[in-house]
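Asker: These are the residues of each chain, in order.
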Amino acid sequence: MGPITLILLVLLIGAILSLLTNTTAQARGVALVSSFSALALSIWMYLAYDANFDTVTHYAFEESGTWMPSIGIGYHVGVDGIGLPMVLLATIVCALCAVFSWTEGKRPNQFFALLLLMDMTLIGVFVSLDFFMFYVFWELTLLPMFFLIGIWGGPRKDYSAIKFLIYTHIASVLMMLGIFALYYFNGTASGTYTFDIPILLEAYRTGALPISQFWLDFIFVTIMFGFMVKMPSVPFHTWLPDAHVEAPTIGSIILAGVLLKMGGYGLFRVLLPMMGVASTWFIYLIALFGLMSIIYSPFAALAQKDLKKLVAFSSIGHMGFISLGVAASALAGMDPARIVAHTGAMFQMFSHGIITCVLFGACGVIEHHTHTRIIDDLGGLTKKMPKLAILMIAAFFASLGLPLCSGFVAEFGILSGSYGTLPIFVMLAAISIPFTAGYHLWAVQRTMFGPYNEYLGDIKEIKWFEFLPLAIWVIIFVILGILPEAWNPILSMMHTTADYFITSGNVLPIGGIHVAAGGAFPW
Amino acid sequence: MVDYTALAPVGILVVTAAVVLLAGLVVSQKKILGYITLVGLLVSLGLVLANWNIHVIFDGAPFYGAIVVDPFAQIFNAMFLTVGVLVCIASLKAYGDHPRQDEFYSLMLLATVGMMVVAISKDMLTLFIGFELASMATYAMAGFDKKDPKSIEAALKYFLIGGLSSSLIVFGMSYIYGLTGATHIDAIAAAFAATPGLASTPAALLAITMLIAGFGFKMAFVPFHMWAPDTYEGAPSIVSALLAAGSKKMGFAAAFRIFIVGLVAMKVDWYIAFTILAVLTMTVGNILAVVQTSVKRMLAYSSIAHAGYIAIVFVIVSYYPAPDVAVAHAIAGGLMHAFSHALGKAGAFIAVAAIGYMILSKDGKVDDPNHIDNYDGLGKRAPITAFLFALLLCSLAGIPPLFGFTSKFVLFLASIEAGLLGLAIICVLNSALSVYYYAKVVMRMYWGEPKGEAFIESPTYTFALAIAVIVLIVLFAMPFVTPGDSVYIWAETAAKAVLPALEV
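Heads up: the protein sequence lines correspond to chains A and B, in order.
Heads up: the first sequence begins at 6 in my numbering, then just goes up one per residue.
Heads up: the second sequence begins at 1019 in my numbering, then just goes up one per residue.
Source of the hints: derived by calculation from the structure; they are not laboratory data.
Don't take every hint at face value.
Covered, in the sense of this in silico footprint (three residues per stretch, anywhere, with C-beta under 8 angstroms from a C-beta of chain A), are these stretches of chain B [claimed, not checked]:
{"no.": "1", "stretch": "1078–1085"}
{"no.": "2", "stretch": "1414–1420"}
{"no.": "3", "stretch": "1452–1461"}
We put the beta carbon where it would ideally sit given N, CA and C, even for glycine.
Pulled out of the complex, with its shape left as it was, chain A reads as follows:
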């Protein structure tokens, strides 16, 4: 049994044990042991990554077994330079979330069980190399989040939970149709029916599927739709603000920190190898989705009265950078620039995952202590909560893209790397920068500085179990923002992978994808 199966099992068993406990202390104990074991295992996987890397398949820690061989369903897991950082992200975020919810008093056994289940299903998505498994985990992530929003959520939780469930479920089932088509056409062409992701993508990429452009595009579009809703990309983002506003703090942290990354991960894992074969205008479409998100998010955020909703909209913009970077790196252009864009997009996934945890964590702390998140009701919190203020200001600055934080590294990489292939998109995306800075600074100014709103009463300083996770996340994103690439544990691994994706010819065509004039519609 390899480390990946072990992580999944540790979390699953932890979830079951946690469900059986009676008190907060017991449930928390189980959750801490289980989530930190998973974290330790993922760190060990990181350290042993090079030694276990298979240069033929380009995956590490691969395990495969049969599940339903007669219809080609297998248990196939493995990680590479895009999957492993996501596993690390999920384990870091979930382990610290277990600390953050130290005193959770409402149905603690179910709460911690769902937290661990969430962790497990997210990791499952990032390690699956079989579409059946991938889809099972992809669907399973819905359930813990549905219950987290529904049971521990705010006043409009019914509406938000069901909207979240139905919206993302529709996206998933359409994605499933694309997977079916891919499976079937590969089966008829090659004679072996399989859901194995590397095999199917290889068949699609090399043009081994004897099907019309319509079906190639159908496969691409359905899968893209599934990912775009999950990311979420404007105009498929409407479920996100609702879900965030009503979700409990932990739910928001995991939702924005890790769950949205499933969509981004899918772009790299599944869509990128397909881009060379599907109609090329889809690449522009993805870039356009990214651009719309980037431009839309600051303006939407500026208008928000609720601090948490503001942060939710900031996520949409940051996820837009990922789409833009992926699209730019796929197009034909200078390899070094494309690698920069690609690495940036990968790094943005990790970086945003960490930064947004602090943002939502801080919102949660403020709500917990002052019982409001309405920006106008807050003010001058630095006077009462100086420790929180430091962390929160750090995170807001990181989120607006301040140098020395990881967000800057990622977004700078994306914009500079993309300029070569998508100059107009980059120019337009740059419009958003002052507004992004604006809404962040304005929000900080209105909540943290100015006169203290006496109406809030005498509020206490942030508690240690809230402080510790936030502080660790801040340290992570600062360190990742400062370290040069060679020493940067995440960035260097991503760079190697980006290098392979771009230049090897095994994922994208060498030199990138040339777009015919106008990127015509072949059908």
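Following the hints, complete the assembly by docking chain B onto the known chain A.
Answerer: What follows is chain B alone, placed relative to chain A:
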């Protein structure tokens, strides 16, 4: 001397039914009869599972090929018996003190015998006899709570519509016999294949329409579904479990045997008719399920929607005259989905029975114990029942890690493989819609405010629910634990048994 061992599961049930009925006259402790029934069902189920892959044709006297025990029959037998076991366990509680429980158990056994006879028939006449046996027994069961006017109404509706559907079936069969001179399904198929124009004669079209309508009533296809919600709602919940999970699947067993073989032989383009039927059934079922306020009625409509999903098997088979992998996946997926739906729906109705029982015994007089308002806060009041019910709903909604997901996955996969893109999209959107009303029940159970203090959960009901859930999870995960994918292999072997042309 003919070897009858393959028929032992049916024989055991017949004997058990007789024993239960006779013992009921003399035994004072009638509760024991439930356990006798349970033992009979379990032994029978064990025999079916042990011999799932046998292929015995009873040629010559006394059956002359009318009875065939093949993997297709066995998969349905296993389905009926599992449902029977679940219902039997639940009735130990529901009818444990009932003065006429001997009749209930023997009726239930006879209903199961009837269903199994349908599954093993390859001749229209035996099939019809089994069909009627099961129907008659279930008519009586639907009205078993004879002091409850709703139960009587349910039974009457069910009886009238059932009688109509039986007569339509016989009408259709008589025309088929007139055209081909045969009642054996293979002989009919051969006759149609031999005379190409025969299938498009008005008499043949009329006959097929009659058969579709007749079986359509049993399977509750829209527009033949009107009786189903009223009957499922009015009948005692555990009888509804038997009706929706067992009796309905009997309709599928018959329709699979007749239509799949018949359609391939006849090569008539029925696929548009079946498409309309399937799409209407799933869409109407789902939309009406959304607006229900009674959980039991919602389950009834959801069962109609599920019939629509299974009906895409007929679409694919009739769309594809030359059987290939899509057809194999379709039939196998249809069988798997029938199985997962039988378990999920039987479990769900038993959960409704358990919850209704708890509400009536604790909260006293309520107008409708199945109303969704009474489910508020069940997660706190009856944690185990609520949890198991939620998992059963997940299986029905097609959410992993339950077998309902696997079966839907294979079924929808087949429709893409057949190239029926529009149908596949309608199916998945319907499936997504159905998540809404299942989730609504789960929401009420888990984040509604409890209306009273905690219930005392009946271990018997909980046991039945737990079995259903465990089987659903095991069927999902079993191939993973013991490689060799027994579930799918069984379904595919069954598909090949019903349509030998798939053996390519």
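Asker: Work down the list of hints and note, for each, if the structure agrees.
Answerer: These are the hints, each one checked on the structure:
1. 1078–1085: violated (count 0)
2. 1414–1420: holds (count 3)
3. 1452–1461: holds (count 5)
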